[in-house]
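Chemist: Note that the protein sequences, when read in sequence, are chains R and C.
Position one of the first sequence corresponds to residue 1 (our numbering), numbered consecutively onward.
Position one of the second sequence corresponds to residue 1 (our numbering), numbered consecutively onward.
I should point out that these hints are in silico values taken from the structure, not numbers from a laboratory.
The structure presented is a predicted model; accordingly, all values stated were derived computationally and were not measured.
C-beta: ideal position from N, C-alpha, C; glycine also.
Hints are supplied without guarantee of correctness; some may be wrong.
[As the list claims (entries may be wrong)] Pairwise CB distance ranges (calculated):
(1) C:Ala12 <-> R:Asp118: 54 to 60 Å
(2) C:His17 <-> R:Phe128: 48 to 54 Å
(3) C:Asn168 <-> R:Leu140: 24 to 30 Å
(4) R:Glu102 <-> C:Ala187: 24 to 30 Å
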Amino acid sequence: MTSQAAADPVLIKPVLSGHAIIRSIKAAGIEHVLSVPDITTSDGLLWPIARDPSFRLVRVCKEDEAIGVAAGLWACGKRSLILIQNTGLLYSMNAIRAIAIEYRQPICLLVGLLLKEDDVPPENSRQFGVRIVPRILQVLDIPYHVIESDQDSSALTSSIDAAYDESRSVAFLIGRSPVP
Amino acid sequence: MMKRDEAFRILAEHVRHDIVVSTYSSAFDWLEIRPHALNYVAVGAMGLASSHALGLAIGRPDRRVVVLDGDGSLLMNLPTLVTIAEVAPSNLVYFVSVNRTYEANGGHPIPGSSFVDFSAIAKGAGWLKVHSHSELEAFREELPSILSQQGPVFVSLHAEAGRATPSNYAFIHSDKAREQFREHLAAV
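One chain only, chain C, in its complex shape:
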């Protein structure tokens, strides 16, 4: 299984000007890997990163929106997959990091940790472009093709936590994080 931060470093090479919506453990990794004014941190109510992203994708159809969700978070908002498939935003690419634990809440296993198949759920929810990766080099090779597809695109990243990154909760919950994103987005 690949490391999440290694997968994100590869992703960062390809999403230089995109809006990236991240949450909790994914956010802590991503904010360190790609500090950028178009990073949108979706926290406060767990599970809603993809819903924030849908609003962004509708509101800014001229810009790609990349979501970095976690499997525990997705389980808290599974119907979002149906809602997004219905709206079908062509500019939305959704990555779920599958480590089968509630990493930010003590490492407890998610329900169905031994069998749940998020790619199968996405297909059943109506997503037409669905990918799954667990090997870093294969992910590196296919990523340009994934990102060239018309959205919505769903990608399961079977990735465990890599190198520990600082958990800056004060920043992700701050007004500053939201205000600087909004101001920057309005300017581009």
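The shape of chain R in the complex, shown without the other chains:
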């Protein structure tokens, strides 16, 4: 009975650790994190980043500021990551439209999906504000990756590298709260 339960994929919860995400973004050369706090990623990501002296954390008041700061940093050759909530992504849409899309600046977005149900694809979420995010990113032609496990987070490094190498944007949708 026990061995059957252990083998049942329904009962095996994927693990998403903040440590694995942080390791991946460091490997991508991210020096600066620009953020408005998000409850999904607060304990597992933002607090550890805030305590990590190898990052410079800039706490902005609203998310579109972060898009401008990231563009200024990139003009200096510095890589940054924007850590926000899906509500903030929606708020900053005009800045993303101009800077990320029309000016083709490498804007890397790590987006916590507020109240998304575990193991449910964002496009199938009961939360309207979550469900529309993939479609909006598709309209903007911003590639995105859903991050729900440590295996998913291993894609961060190469995707951020590609975004900076090709001067285009990328989004990572954090679908469950990472464990610290």
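Here the structure of chain R is known, so what remains is to put chain C in place on it, guided by the hints.
Modeler: Coordinates of chain C only, in the frame set by chain R:
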């Protein structure tokens, strides 16, 4: 009230090697007054010039970053004043041209055009060095002192549009404007 282009001509004498971030009407004036590879044009999403400038100031702490914003633009991103005060970049000097209109969008009055006090807002947001000028000669006299201060420094320039300058939207939105800035900055 002084003319914006006259104030910028005075400023240009003092910022020969600085990064200068400008936007819309200020940019059109500035690009004609000081054509330079370290001019960074912050357009596309109105209000974010100071945010671009903060990124530049963090990314290049060895170089002074001067911002030429407009009052309509600042109103679209007022929280930037708190963010910058928190980061407190010592190499950032922020000028806002106060003409109390959305000059680039038809000359309509900004909200609060009869009473809004940007210097008071900056002080309340945590800026410790705040200046306000409406007379050209006084500005000319005090500018060296302003620029010698450790940033962040906030300056309200009560200035109306002066001589009309060409509005080269094609350039300010171009890849060329961004690429030549980035290449030049990497080389200096």
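Chemist: Between the beta carbons of His17 (chain C) and Phe128 (chain R), is the distance compatible with 48 to 54 Å?
Modeler: With Cβ atoms ~51 Å apart, the hint holds.
Chemist: Kindly confirm whether 54 to 60 Å is satisfied by the beta carbon distance between Ala12 (chain C) and Asp118 (chain R).
Modeler: Hint holds: Cβ distance 58 Å, inside 54 to 60 Å.
Chemist: Please test the hint of 24 to 30 Å on the beta carbon pair from Asn168 (chain C) and Leu140 (chain R).
Modeler: 28 Å, holds
Chemist: Should the hint that Glu102 (chain R) and Ala187 (chain C) are 24 to 30 Å apart at their CB atoms be regarded as holding?
Modeler: With a Cβ separation near 26 Å, Glu102 (chain R) and Ala187 (chain C) satisfy 24 to 30 Å, so the hint holds.
The structure meets every hint from the earlier list without exception.
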